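First to last, the protein sequences are chains Z and H.
Counting in numbering that gives the first Met the number 0, the first sequence runs from 0 upward without gaps.
Counting in numbering that gives the first Met the number 0, the second sequence runs from 0 upward without gaps.
Because the hints were derived from the structure by calculation, they are not lab data.
Below, in silico cross-link-like pairs of lysine-lysine (DSS-like), each with a Cα-Cα straight-line distance of 27 Å or less:
id: 1; chain 1: Z; residue 1: Lys68; chain 2: Z; residue 2: Lys161
id: 2; chain 1: Z; residue 1: Lys397; chain 2: Z; residue 2: Lys386
id: 3; chain 1: Z; residue 1: Lys215; chain 2: H; residue 2: Lys203
id: 4; chain 1: Z; residue 1: Lys61; chain 2: H; residue 2: Lys61
Keep in mind the model is a prediction, meaning the values are calculated, not measured.
Number of protein chains: 2
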Amino acid sequence: MINEELYKQYMGLMRRIADVRYSVAVLQWDQETYLPPKGADFRGQQIATLTELAHELMTGEKLGEVLNKLVAAEGLSPQQTKNVSITLEDYNKQKKFTSAFVRKMSETVSASFHAWMEARKQNDFSYFAPKLAELVELKKQEAQLLGYEKNPYDALLNEYEKGATVEMLDKVFNDIKTPLRQLLNEVESKQQVDDSFLQQHFNKQQQMEWGNYLAKELGFDFEAGRQDLSEHPFTTNFSSQDVRITTRIDEHDFANMTWSTIHEVGHALYEQGLPAEEYGLPLGEYTSLGIHESQSRIWENCVGRGKEFWQFYLPKLKTFFPLQFQNVEVADFVKAINKVQPSLIRTEADELTYHFHVIIRYELEKKLIEGSLQVADIPAYWNAQYKQLLGVDVPDDKHGCLQDVHWSHGSFGYFPTYSLGSFYAAQFWQKAQEDIPGLANQIATAGTTQLLLSWLRQKVHGYGKFYTSEELCKMVTSKTLDSASFINYARSKYNSLYGN
Amino acid sequence: MINEELYKQYMGLMRRIADVRYSVAVLQWDQETYLPPKGADFRGQQIATLTELAHELMTGEKLGEVLNKLVAAEGLSPQQTKNVSITLEDYNKQKKFTSAFVRKMSETVSASFHAWMEARKQNDFSYFAPKLAELVELKKQEAQLLGYEKNPYDALLNEYEKGATVEMLDKVFNDIKTPLRQLLNEVESKQQVDDSFLQQHFNKQQQMEWGNYLAKELGFDFEAGRQDLSEHPFTTNFSSQDVRITTRIDEHDFANMTWSTIHEVGHALYEQGLPAEEYGLPLGEYTSLGIHESQSRIWENCVGRGKEFWQFYLPKLKTFFPLQFQNVEVADFVKAINKVQPSLIRTEADELTYHFHVIIRYELEKKLIEGSLQVADIPAYWNAQYKQLLGVDVPDDKHGCLQDVHWSHGSFGYFPTYSLGSFYAAQFWQKAQEDIPGLANQIATAGTTQLLLSWLRQKVHGYGKFYTSEELCKMVTSKTLDSASFINYARSKYNSLYGN
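All chains, please: the whole structure from these sequences, using the hints.
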């Protein structure tokens, strides 16, 4: 009885913090979608103030007291126990940061974001470098404050993927590099596919409608979310009942909007599937970024670049763009949307070369945080790595080290979760096909992906942070992360597309 | 030197509070424009939490200390002194409310807003009544907490228009009722004008473009603001550098969007003209709602329904809607957009009957807060008053007492500021014409309203709360509020339009 009262207090405190954090998310969403340019400075301050307030609330004495009583209490359910223990861990971590540090970080992030925007406009990394250097210093301080066993970068990796370390990722990437390179070589020895029909003119409004149709078909609940335009597609949420995705539209590239939409819908379906009654508590939040990314990848790639999906949806697509696709067959369409070709831009990369983009960023970040690479040397390092690993010449910074927004957000340690997500996705996809008889057939004949969504809701979405990513992966697939699944998936896909 | 340091502390504390308050405004703006329906409940909580936090910050001991030191300090500029004294007044007022009361109010407002939405959908006031009754009780408590000399409604009026009382408003409305009625009788005895060409079909997208064009022409800075759609047009701001207006579009009524846009632009020009360096301080905020409304009205009515304006802009309008307006002459256009006719909906009322809409609401609110009218009796009272004062039969609640959003927001005492705004506008407009030689001519021949905007920036916008509305009015026009200016303005306008 007393514990029940205590747990209620804990929930009240946490929901208040969540209200502030989600308000920050609203301010950020608005910043990326609708903010007029002159509003940027005050917006940066507003975000910094709310971030600081959230931190103050999260490190408040009252919360500490309640948490310490609750960890010693009896009679809590396993779910309640898990919420409390994760929160206490987070509480102790947040205590390591002063409010001044949190505010400084938030302000530096805002300034860096605008410097990055300016640098992109000027197509010159040197506009970004000074702010980025400040941010890297702050991230190094953050790593020291958080603490680590072997590598300072471990402390930052752990923020996005609990338990991830340089040791673990070095192994994952080393394991995959050779088979990936080999597969890539095989594909490159075959005749290249023709994807020219994807580069016709596709009207913006019509693309938007097609994207909304597709999102709805995949199960995105527009009563509990919306889709807007932004420079860089992303998913955010302000509760499981308000999940926002964004996309961008290139009128001369059909692929850009379509698979970014499916990707973000994958993220959004996860958020919409988190338990609303756990709002503000760890069990109401996603497991890890790697698992989040597994959800976007399973929809974008395993489903959305699959033959079955387009057997059903190509005829639908032809009603949106009859002229552009009238003579295109399913087999040719699927080949085109899976075209493998080393390229400059991560977000436009195919499923094979993609991981080399990540590996380059991972190695670069590791060196930056260790201090063995200086910010000013990023462009040269970047360009050399792209030449060496992907064989491409980087013409300018915009197509090189300025392409991604992450560093300007202070997100160091984020990129590796993209690869982890692909690998988890391949494992989940394999298991889903085993668990759901006739899944591929249902997709091909009726476009029904509802069975997969239900499976994911039950196996993944509903748990929130109850399991770690590795525990979850083991529970769902009987194995921990195993990149061999991804290699098998990729080999089977590209062998059938590029022939033997 | 010490005072300078103190003043800086004060500014820092105030800007932090402003950051939270403006964040609430962002959340509310999103609620009215883009929020998906299922997100409403959590959004209500988020707004309540931030409102509570702003109140906690505004009543914090630190701020109290700094303020009390500053009022006793020497060497502050008149501007600084004014900021401090207004803030101290506000501080002492906020201290009268507990956090629990503030949260309760915020939550009740959210619930009332949704009840009002549902009642409108059902077209039945009884869906709104229970929540409204709760809110009225809270507003009565608020009046008691704030204190008043003669009438509890005075306490609420004072929140929107400092110094406004029942005694003052009874006089203002009594003074105007008879001449207004007389003028209305005169107009009604003349032949009615033909405005049928305003009710053709006007494409939504084309209207939006026309509205944006007009806003830009009037001086709205789209780099520091934007226009979106919402069910009810409004203006909000998150700094003077980010001012948002909204509009609604009726494809079968040209007037709806156009004058609501000009109206909101009037509000927005005021906000964009407030001094950015006073962000978060009283001198960075509008004088009063009456003065705010004077800015929307001077643009909407004095400028935007004037003959000169359309001498220049009707030809422009014809390029947007050539078919609809090809045979329309300026004189007929101006008559049509000034058509006088008693009607049901306040926001669509002409400049004469408008004030009867306000008077009905004012008397009703006074009775509600005094306790001489019960919430359940609102529809009957409303309908009887509309019959008596305007001679119209109210067919249902949606066209009657459910038409305005204000009560669901807890805004009792707000409506009278609409009439005060019209009266201040007429005084300012008369003075502007005296001060700016050739203003009318410049508008008619070149569409140039920049001279008026500069005049308003200098005479009104730049001061923020440095003067009260009555002080400002006196400074600008050498007189305090005098509704005779409005009657003169109206008589001259309608005599010329409806003939003698």
